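Undergrad: First to last, the protein sequences are chains A and B.
All residue numbers for the first sequence refer to this note's numbering, where the first residue is 1 and numbers rise by one.
All residue numbers for the second sequence refer to this note's numbering, where the first residue is 1 and numbers rise by one.
Hints were generated in silico from the structure; no laboratory data involved.
Just so you know, not all the hints are guaranteed correct.
[Claimed, not checked] Straight-line C-alpha distance at most 20 Å; calculated SDA-like pairs for lysine to any residue: (1) B:Lys-115 with A:Ala-380; (2) B:Lys-73 with A:Ala-9; (3) A:Lys-69 with B:Lys-115; (4) A:Lys-381 with B:Asp-125; (5) A:Lys-69 with A:Pro-120; (6) B:Lys-73 with A:Gly-592; (7) A:Lys-638 with B:Arg-54; (8) A:Lys-523 with A:Leu-476; (9) A:Lys-381 with B:Lys-73; (10) B:Lys-115 with B:Arg-54; (11) B:Lys-115 with A:Ala-589; (12) A:Lys-69 with A:Glu-156; (13) B:Lys-73 with B:Ile-84; (14) B:Lys-115 with B:Asn-39; (15) A:Lys-69 with A:Gln-158; (16) A:Lys-69 with B:Arg-54; (17) B:Lys-115 with B:Ala-90; (18) A:Lys-69 with A:Ala-9.
[As the list claims (entries may be wrong)] To list a few chain A residues with every Cβ distance to chain B over 10 Å, as calculated: (19) Ala-138; (20) Leu-328; (21) Pro-423.
Here the structure is a predicted model, which means the values were calculated and not measured.
From the three backbone atoms N, C-alpha and C, an ideal C-beta is built for every residue, glycine too.
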Amino acid sequence: MIAEFGLAALWLAAALAGLQLIAGALALTPRGQVLASVVRPVAIVQGLLAAMAFVALIVLFCQTDLSVKLVAMNSHSAKPLLYKFAGTWGNHEGSMLLWVTVMGLAGGFVALVERRLPEPTMLATLAGQAFVSLGFYAFLLLSSNPFERLPVPAAEGQGLNPLLQDPGLAFHPPTLYLGYVGLSVAFSFAIGALVTREVGPAFARAMRPWVLGAWIFLTLGITAGSYWAYYELGWGGWWFWDPVENASLMPWLAATALLHSVSVLAARNALRAWTVMLGVVAFSMSMVGTFLVRSGILTSVHAFAVDPERGTFILALLAINIGGALVLFALRASTVTEGERFAVTSRESALVVNNVMLTATLGIVLIGTLYPLLAEAMGAKVSVGPPYFNPMTAIFVLPMLLVMAVGPLLRWRGDSLARVRRPLVVPALLVVLIAAGLLTQASVGLLPLLGMALAAGLAVASLMPLRGRNLRRTPLPVWGMVVAHCGIAVALFGIACDSAFSTERLVAARIGEANQVGPWQIKLERIEPVAGPNWTALEGKLLASYNGAAPIELHPQARSFWTPPQQTSESALVTRWNGQLYVVLGEQADDGRWQLRLWWKPFVPMIWYGGVLIALGGLLALLGRVMSDLRRIMAREKIAFRRERQGR
Amino acid sequence: MSAPKATVIKPKHQRLVLLLIALVALIGAGLLAAWALRNQASYFYVPSEIIADRPEPARAVRLGGMVERGSLKTAADGVTVNFIVGDGKARVRVRFTGIVPSLFVEGSGVVAEGKLGADGTFVADNLLAKHDEKYVPREMKDMSAEQARQAVAATK
Numbered sequence: 001m002i003a004e005f006g007l008a009a010l011w012l013a014a015a016l017a018g019l020q021l022i023a024g025a026l027a028l029t030p031r032g033q034v035l036a037s038v039v040r041p042v043a044i045v046q047g048l049l050a051a052m053a054f055v056a057l058i059v060l061f062c063q064t065d066l067s068v069k070l071v072a073m074n075s076h077s078a079k080p081l082l083y084k085f086a087g088t089w090g091n092h093e094g095s096m097l098l099w100v101t102v103m104g105l106a107g108g109f110v111a112l113v114e115r116r117l118p119e120p121t122m123l124a125t126l127a128g129q130a131f132v133s134l135g136f137y138a139f140l141l142l143s144s145n146p147f148e149r150l151p152v153p154a155a156e157g158q159g160l161n162p163l164l165q166d167p168g169l170a171f172h173p174p175t176l177y178l179g180y181v182g183l184s185v186a187f188s189f190a191i192g193a194l195v196t197r198e199v200g201p202a203f204a205r206a207m208r209p210w211v212l213g214a215w216i217f218l219t220l221g222i223t224a225g226s227y228w229a230y231y232e233l234g235w236g237g238w239w240f241w242d243p244v245e246n247a248s249l250m251p252w253l254a255a256t257a258l259l260h261s262v263s264v265l266a267a268r269n270a271l272r273a274w275t276v277m278l279g280v281v282a283f284s285m286s287m288v289g290t291f292l293v294r295s296g297i298l299t300s301v302h303a304f305a306v307d308p309e310r311g312t313f314i315l316a317l318l319a320i321n322i323g324g325a326l327v328l329f330a331l332r333a334s335t336v337t338e339g340e341r342f343a344v345t346s347r348e349s350a351l352v353v354n355n356v357m358l359t360a361t362l363g364i365v366l367i368g369t370l371y372p373l374l375a376e377a378m379g380a381k382v383s384v385g386p387p388y389f390n391p392m393t394a395i396f397v398l399p400m401l402l403v404m405a406v407g408p409l410l411r412w413r414g415d416s417l418a419r420v421r422r423p424l425v426v427p428a429l430l431v432v433l434i435a436a437g438l439l440t441q442a443s444v445g446l447l448p449l450l451g452m453a454l455a456a457g458l459a460v461a462s463l464m465p466l467r468g469r470n471l472r473r474t475p476l477p478v479w480g481m482v483v484a485h486c487g488i489a490v491a492l493f494g495i496a497c498d499s500a501f502s503t504e505r506l507v508a509a510r511i512g513e514a515n516q517v518g519p520w521q522i523k524l525e526r527i528e529p530v531a532g533p534n535w536t537a538l539e540g541k542l543l544a545s546y547n548g549a550a551p552i553e554l555h556p557q558a559r560s561f562w563t564p565p566q567q568t569s570e571s572a573l574v575t576r577w578n579g580q581l582y583v584v585l586g587e588q589a590d591d592g593r594w595q596l597r598l599w600w601k602p603f604v605p606m607i608w609y610g611g612v613l614i615a616l617g618g619l620l621a622l623l624g625r626v627m628s629d630l631r632r633i634m635a636r637e638k639i640a641f642r643r644e645r646q647g648r
Numbered sequence: 001m002s003a004p005k006a007t008v009i010k011p012k013h014q015r016l017v018l019l020l021i022a023l024v025a026l027i028g029a030g031l032l033a034a035w036a037l038r039n040q041a042s043y044f045y046v047p048s049e050i051i052a053d054r055p056e057p058a059r060a061v062r063l064g065g066m067v068e069r070g071s072l073k074t075a076a077d078g079v080t081v082n083f084i085v086g087d088g089k090a091r092v093r094v095r096f097t098g099i100v101p102s103l104f105v106e107g108s109g110v111v112a113e114g115k116l117g118a119d120g121t122f123v124a125d126n127l128l129a130k131h132d133e134k135y136v137p138r139e140m141k142d143m144s145a146e147q148a149r150q151a152v153a154a155t156k
C-alpha cells in the first residue's frame, strides 16, 4: 500500500506542477488574472506531495519491503537501520526522488514566504520552477519509477554498495542536494525577472537570501563529501578531480560568483544582465552535473546504473531547460537597461574581477571534465587529472585571492588604492616573509609555497574590514563576509600544508614491529578478526606515539561485506591541533608481514574547518538579511496598523 | 591611484568594457585549457598499443589489460608487486608499490595509472581493479569479449 500511496502522491505532484505552470503562465496574460491566486497554494501542495512520496520511499526502505524492486535491488534486511534509512537515496531512483522533493519543497517554500517580488515576477518565477520540476517528474515517472513492484517479492535484498555504508551517507547527499537543487530557485527567479523585465535592486534583494541558502548547503555538502572520500577511500587524498566532484564544484563556483554579483546589483544596481546570466548558469551546472553522474557515461561510486535511455532523457531535459533559458536571455538581455556606473578602483570592480576569475575557473573545470567525453566521441580514450586541474585552476584562483584581500576594503562607486594602503601593509609583509622563509626550504613546490603565503596574508587581510568598527554594531552580513573570507584562507592553508608537508610511508610490518612516519612512532601490536552486523573484518591494533608521548590506540580495519561481497578499508585517524595521522591496513604478505600505509598530514583538518567557516559566514549573512527583512516587515505593519486605528 | 571621479567610464562604454573583459578572460581560459589538455591528458593504452607506439617516458598514461596467471610476485620489501599485463597480443611488465585493490587478482582485469620506464617496465602509481558488479572501470568494459568473460569468471 505504501508504495502505491507514494506513486499516487508523485503523480499528483506532477499533475500539480503542470497546473502550476499553466496557471502561472496564464495569470500573466490580461484575461487569466483570476488564476493568479491559485499559483501559490498549488506550489505549496505540490512540494508537500513530493515530500510525502519521498517519506513513503523512506518507510519502504526502513521496513525493507522486498516486494518493491528498488528496495530489493539496493537494500538488505541485515543492514543497520541507519543505512536502511540513508540507503533510500543511495541509488539512482531514490536520489532522483530526493532531487524532485527538494525542488518541490524549495518552490513551495518560495511560494509560502517570498513577499517582496512584484506579483507578476513571482508568478513567472513559480511557473518557471514548475516547468523545470515537470521535466524531472517526467524523468522519474517514465524512466526511473522508484515504487515499481516485483511480480514476486524477493527473498532477500541485494544490499547497498559497502563504500556507501557510512554515516556520511546520511549527511552528504541530502545537504548537497539542498544546495544543488536549491539553486533551481535562483534559476527560476532569473527566468521570472527576464519574463517581466524586472531586473533591479529589489529583485536582487529578494533573490539574495535564496542564493545564500542554497550556497550554504552546497558548501557544507562539498566539505562533507570531501572529508568522507578522504577517510573512506583510504587513499589519503581529499580531492581527486573526479568528474563527480567537479560536478558539485562547478555549481559552487557559479553560485559563489552569483552571490557576489547579486550583492552588486542589490547595493548599486549594476551588473544587471550578468547577474541574471549567472542565475541561469548556476543551476545549469547542477543539471550538467546530474547528467554526468546519472547518465552512466562515467564510472564512479556515484554512477549507480548504466542506462543509455536515462542519459538521453536527462540530456534532452538539459537541452530544453538550458537552451530555453539562454534563448529567453538572448531575447531579453537587450531590454535589461544599463546599470549604474563605477570607477576602475571600486568595490564593484573588485567584485567584477572576482566574478570573471570564478567564471574562468568554472570554464577550466568544465572543459577538463568534458574533454574525456569529447575525446572518446572521436575515438581516443583519455583521462584528465591533477596535472591539468591543479596548475590551471591556480592561474585564476591565486590572483583572485589577491583581489579578495583588497576588495572588501574599497568603497562602492569609486575609491583610491592609496586610502587602503595602510591596513594592507601587515598582510603584504606576511606574504613576503613567509614566501621568503619557505623559499629557503628547497623541498616546497611553487604552488604550495604561494598557497601558504597567500593564505596567511589573506587571513589577516580578511579581518581588516572590521578595523575601526564597533564590533557589537557591525552588521551580521559584514561578519559573514569576514568569516567566509577567513574560511577560504584557512582551507587554503590546509590544502597547501597537505601538499607541501605530508609524509607517507608504506611498510610491511611484523607483529611487534615499530615504524616511524613524521613525528609518530607506530607499533603493530596484533591483528584480530572482528564482526559487524553485515560484515567481518580484520582489525589491527596499533599503538601510535607522538614524539615519545603516551601511545594512542588505533584500530584500522579491512572489512569484508557479504551482500554484495566486497572489501572496504576503514582507515584509523588521530587528529591533533597540528595535523592528522592516517593509518590504513592492507593485506598480509606471503611471509606473514602486514602491509600498512601511514601518513602524517600536518594541518590537513584545516581544509574542512575552512569549509565549515565558509558556510558559517554564509549563515551569518543570511541571518542578517532575514532579520533586517523581518524588522522592515514588522515596522511596515505597525505603521499600517496605526493608520488603520487613526482612520477609524 | 588616480582620482576616482576621473576614471568613471562613460555608460555606453562601461558595458562594452565589462563584456570585453569577460570575453577575453573566458577565451583566454579556454585557450589555456586546450593547450594544457594537449600536454596533460593521460591516454589509455592496451599492451599491444603501448609497445607499438611508446609514450614519452615522462608522460602519465594508463595501461589496461589482464593480469597474467602466475605472474604476480611480491618483492622482498613486502609492499611492491610485479606482474605482467597482457591483451593476448603483447605483454608488459608492471611494477606497483602500495596496497593493491581488494579485487586485484591474477587472471582479472586491471587498469594501471603510471609511466612506462625506459627499460620497458610500466611503473604504476595507482591500480584500478573491478570494484563490484556495479562499478567497473570504464576501460574494462571495452575489453574484448574473451577478456571480459575471463574477468567475470575470475572475480566470481
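Undergrad: State for each hint whether it applies.
TA: Hints and how they fare:
1. B:Lys-115 with A:Ala-380: Given pair Lys-115 of chain B, Ala-380 of chain A holds - Cα atoms ~18 Å apart, limit 20 Å.
2. B:Lys-73 with A:Ala-9: violated (58 Å)
3. A:Lys-69 with B:Lys-115: It is violated: about 45 Å lies between the C-alpha atoms, which goes past 20 Å.
4. A:Lys-381 with B:Asp-125: holds (19 Å)
5. A:Lys-69 with A:Pro-120: Answer violated: Lys-69 of chain A to Pro-120 of chain A is near 44 Å, above 20 Å.
6. B:Lys-73 with A:Gly-592: holds (15 Å)
7. A:Lys-638 with B:Arg-54: violated (80 Å)
8. A:Lys-523 with A:Leu-476: The hint is violated at about 50 Å.
9. A:Lys-381 with B:Lys-73: violated (30 Å)
10. B:Lys-115 with B:Arg-54: holds (10 Å)
11. B:Lys-115 with A:Ala-589: violated (25 Å)
12. A:Lys-69 with A:Glu-156: With a Cα-Cα distance of about 11 Å, the restraint between Lys-69 of chain A and Glu-156 of chain A holds, given a limit of 20 Å.
13. B:Lys-73 with B:Ile-84: Cα-Cα ~10 Å, so holds.
14. B:Lys-115 with B:Asn-39: Cα-Cα ~14 Å, so holds.
15. A:Lys-69 with A:Gln-158: holds (10 Å)
16. A:Lys-69 with B:Arg-54: violated (49 Å)
17. B:Lys-115 with B:Ala-90: holds (17 Å)
18. A:Lys-69 with A:Ala-9: Given that 20 Å is the threshold and the Cα spacing comes to 18 Å, the pair holds.
19. Ala-138: holds (26 Å)
20. Leu-328: holds (19 Å)
21. Pro-423: holds (17 Å)
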